[in-house]
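Undergrad: Chain order of the listed sequences is A and B.
Residue numbering for the first sequence follows numbering that gives the first Met the number 0, starting at 0 and increasing by one per position.
Residue numbering for the second sequence follows numbering that gives the first Met the number 0, starting at 0 and increasing by one per position.
Please note that a few of the clues may not be correct.
[What the hints assert, rightly or not] Listed below are the simulated DSBU-like cross-link pairs for lysine-lysine, each with C-alpha atoms no more than 30 Å apart in a straight line: (1) Lys15/A <-> Lys403/B; (2) Lys62/A <-> Lys47/A; (3) Lys15/A <-> Lys160/B.
[As the list claims (entries may be wrong)] So these bits of chain B aren't anywhere near chain A, every CB distance computed over 10 Å: (4) Phe23; (5) Tyr28; (6) Arg49; (7) Asn56; (8) Glu99; (9) Leu388.
Calculated directly from the structure, the hints in this document are not laboratory data.
We put the beta carbon where it would ideally sit given N, CA and C, even for glycine.
The primary structure of each chain is shown beneath.
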Amino acid sequence: MESTEDIRAAVLKYVKAEYLEDDDQEINFDTALISGGIVDSFSMVSLKRFLENRYKIQIPDDKATPESFDSVNKIASLVETFAAGKV
Amino acid sequence: MAFTNPVREHYQKDLDALRAAGIFKVERYIHSAQAADIEVEFPAGAPLKRVINMCANNYLGLSSHPEVIQAARTGLDTRGYGMSSVRFTCGTQDIHRELERRMTEFLGTEDTILFPSCMDANAGVFEAILDESDVMISDRLVHASIVDGIRLCKAQRDTFKHANMEHLEEKLKLHSDKRLMVVITDGVFSMDGDTPPLDTMAALCEKYGAMLFVDESHSSGFIGKTGRGTHEKYGVVGKIDIITTTFGKALGGASGGCVSGRKEIVELCRQKARPYLFSNTIAPVVVSGVLRVLDLLSKSTELRDKLERNAAYWRKGLTEAGFVLKNGDTPIVPVMLFNAKLAQDFSRDLFDEGIYAIGFFFPVVPKGQARIRTQLSAAHETHHLDKALAAFIKVGKKYGILGKTKDEIVAMYGL
Chain A
0 MESTEDIRAA VLKYVKAEYL EDDDQEINFD TALISGGIVD SFSMVSLKRF
50 LENRYKIQIP DDKATPESFD SVNKIASLVE TFAAGKV
Chain B
0 MAFTNPVREH YQKDLDALRA AGIFKVERYI HSAQAADIEV EFPAGAPLKR
50 VINMCANNYL GLSSHPEVIQ AARTGLDTRG YGMSSVRFTC GTQDIHRELE
100 RRMTEFLGTE DTILFPSCMD ANAGVFEAIL DESDVMISDR LVHASIVDGI
150 RLCKAQRDTF KHANMEHLEE KLKLHSDKRL MVVITDGVFS MDGDTPPLDT
200 MAALCEKYGA MLFVDESHSS GFIGKTGRGT HEKYGVVGKI DIITTTFGKA
250 LGGASGGCVS GRKEIVELCR QKARPYLFSN TIAPVVVSGV LRVLDLLSKS
300 TELRDKLERN AAYWRKGLTE AGFVLKNGDT PIVPVMLFNA KLAQDFSRDL
350 FDEGIYAIGF FFPVVPKGQA RIRTQLSAAH ETHHLDKALA AFIKVGKKYG
400 ILGKTKDEIV AMYGL
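Extracted from the complex, chain B is given alone in its bound form (with noise of 0.2 Å):
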């Protein structure tokens, strides 16, 4: 046995140093499905608590659908539980062909492929695509996966200032000795729910003569009129050449993601992508939910319309209650506190009161930009928002932040 003591000691040390930092992760065990209202099992071993759900990514409320579920069932009595295999030996069926086909269709591009998750799909694709003679530029933001996927990569790279357009076109100048370049951006950002300007982005490849990457996981399905994505938001379907997404989000958020865009791009991902060459894809019981995902949202856009209307009203009560908001219009709505003890000991308070909602801190987010990040769903209810709000004013005013400014706040707890 070669884990002796010392290495054991070792690694007890790295934990004991992510306790000591206040970054240790702790788990919270869901008693019930995904949904509005769940039951909680924290902390672990402690009597389950019914609490409303204001951070999941369950954007249109589908992870519990009845449809999504009956669709599940079926493809799992017609199609089997598992493929044993990757999707070039013998682990593709009719069904995945389907959803690729289906998803082309729906973020308007010109074909798609399949990977296990989208965190996947983004550590593949660069790899595919680039070489050393290549250069790939990134908002300072983008998502862990990207960052991952750059790093695997052998092109050269580059960042700009977070949606700041100038400082893009300056790096496209500066880079445009290279052979291909790729900007790479988020179509909405995870942690401060806004979106970049992509008309003028794609107006600033076509000019400099490179290609456009969005990660599209937190717009798919409810971003733009009729929910296909930020690219529908900024009128430019079809100039995207490169998007991924997620079926782990809103499109019923189980697993999965894709790499969709250019026909070429797609069919190098599928002869060189390694997470899509080295792993089982998407299980058919996802496969036929996702696709009864994609049938109610090309029917109506009755549940993104929800979102939205929900998402205004949250943004709306916080405002009014005096909360500090970042700026934006997407169901992500962090509520700032600066401050990364503030944010944990309010996160535990809002448990106490029955609403689930996680602080986030440094490293997730930059130093002295600790928040509550809230996260609206088209399962919410009037009344679970109504109820969430006065619990977030009850704690607010506990702390004495409510109609305070950033400085206020930072004066009174530091950053």
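Bound-form chain A, shown alone (with noise of 0.2 Å):
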């Protein structure tokens, strides 16, 4: 398993290349996703996706929350704990 940091870069990577249409727009690892307005809720599909493949993970919908999605932290926690079997 990935460190913490080497999962939040992965996602942080991935958010940009996927999200962003700006190249000069700035985030980080506690910018707001989806109540930012970065990204909406049909494109978080393509995001969980991506962790479920990378991570060999399955995230029931009930628990892939736009609460959940809101930060690069909060996913990194989130693929942490399915990864640790914890859920």
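Mind assembling these two chains? They're in different frames, but the hints should get you there.
TA: The structure is reproduced here in structure tokens:
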């Protein structure tokens, strides 16, 4: 399993490539992705699929909420929870 | 009575939250027919004010066209007021089928089915033709009615960056294992006024075996040399598998919409699309009006040509005055102000100057992209546009934004 830092870096890289329209838009680990209007609830699907494929986990739909996907930090902690089999 | 005080308070809190967030919508009552000049009561109870309408979808000025009104009157006399039935019981008249035939011809498709609105067409079409084995790949800025249609459908979902063909191709590759793929876009995006490269999209769809869906609500009647829509502009008439459009904008402006495209898809909608099955279709009076609109548009391109000239004149005037605009060549011309409060204040001041144009801000457009969306009409004469431009310049000077870049406006007012 990757370290927390590595998960954060991978998620941030994916979010930048997949969602940002503007190259100079700055985001960090705490930037609000869903509530900040960067990722809409529809587009969240591709992020969920990326996490499931990369980390070989299954995130049930009721856990893939806008709240739990709202920042890179929250996503990394969700990934760690599922990867550790805590849910 | 179950509507107890706590229930009332619950809803009151929701409404208060909208007010506190500055996104509570208030209607403005228009006391005249839809036109370039209208009489508006705003706020409620205020004396009527005559203003120039710069925010209607009345692109061709046909909402109050005498020939359309006369045709509607004739329809009322000969086919009555209502059908009191859904289509497949006893709610289909000869003119409904006639309008479907005429729209098929107008759009260059195989068949057409009417819906009570384009909102209903978009809400019903995907569920009727796709299931869990399929995927819908939509542009991230598609209209809310398409978003609802996608939500109602069990097919898998994905999105691509707005009008970004490289990203679309990645998604088509990613989903090539699905049974059916549908790529979904607007023809003209209503908030930005831009068009996606439909020729490239059609070629990509052909390459990867995907169907192409285009909502032409903000283009039917005026985009393309003869106003058939975005598919005409990009030379792909006959290559769009599913077109939805509305009669509530350029095509008379009353109500109603349709799905037009491959005949099997249209037939499946007739069998399975719930807004078609469980709602009355378009009233005879409106059908009669739209048929006359199609007569007018088939005879001459005069109205769409005038609209094109108006849009170019308006865009040039605003640009020379120093406003920041969204790029494009459609009659939707967004004046970018970036800050939500500035957009609201600007709109209010324009109204005081006799110009009716609305500010749009998050969540209708992305955060930090607040704007005044102006929409041109063939009903506008040069004097309307000159007066509107003078008002924009006066208000623009008041806020000190003329000649300023995005960064400078943001530095003054924030995002």
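Undergrad: If a hint holds in the structure, say so; if it does not, say that too.
TA: Right, here's what the structure says about each hint:
Restraint check for Lys15/A and Lys403/B: the C-alpha separation of about 29 Å stays at or below 30 Å, so the hint holds. With a CA separation close to 11 Å, the supplied pair Lys62/A and Lys47/A stays within the 30 Å bound. Distance hint between Lys15/A and Lys160/B is fulfilled; the C-alpha atoms sit about 12 Å from each other, no more than 30 Å. Under the 10 Å C-beta cut-off, the non-interface status given to Phe23/B relative to chain A holds; the minimum distance is some 19 Å.
Every Cβ of chain A is farther than 10 Å from the Cβ of Tyr28/B; the closest lies at roughly 32 Å, confirming the non-interface assignment. With a minimum CB-CB distance of about 38 Å to chain A, Arg49/B clears the 10 Å threshold, and the non-interface call stands. Even its closest Cβ contact with chain A, about 24 Å, leaves Asn56/B beyond 10 Å, as expected for a residue assigned away from the interface. Against chain A, the non-interface label of Glu99/B holds: every CB pair exceeds 10 Å, the least being about 31 Å.
For Leu388/B, the non-interface assignment is confirmed: its Cβ lies about 30 Å from the closest Cβ of chain A, beyond the 10 Å cut-off.
Consistency with the previously given hints is maintained throughout, with no hint failing.
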